[in-house]
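Based on the sequences and whatever the hints tell you, model everything.
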Amino acid sequence: MRLDEVDGTPVDSTVVDAASVNRIVQQAAAIGQRLWIRPAEMSAS
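Using our numbering, the first residue of the sequence shown is number 1, and each one after it goes up by one.
FYI, nobody ran anything at the bench for these hints, they're computed from the structure.
This structure is a prediction, so every number in the text was calculated from the model and none was measured.
Here a beta-carbon is modelled for each residue, glycine too, at the ideal position from N, C-alpha and C.
Pair by pair, the computed Cβ-Cβ distance ranges are: (1) Leu3 to Arg23: 14 to 20 Å; (2) Glu41 to Val6: 27 to 33 Å; (3) Ile37 to Asp7: 15 to 21 Å; (4) Asp12 to Glu41: 14 to 20 Å.
Structure (structure tokens):
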């Protein structure tokens with residue numbers, strides 16, 4: 001989740017695979033954006 005810079009509330013949520021996490025973190029770090037990263041809940045099949 002991308003977090004609002006003022007109050008820290010979530011403004012955007014994206015589910016990605018593990019290989020994409022590093023790229024997203026690097027992009028956020030480059031512009032000073034805060035992220036909240038957590039494992040996705042897997043649904044039972």
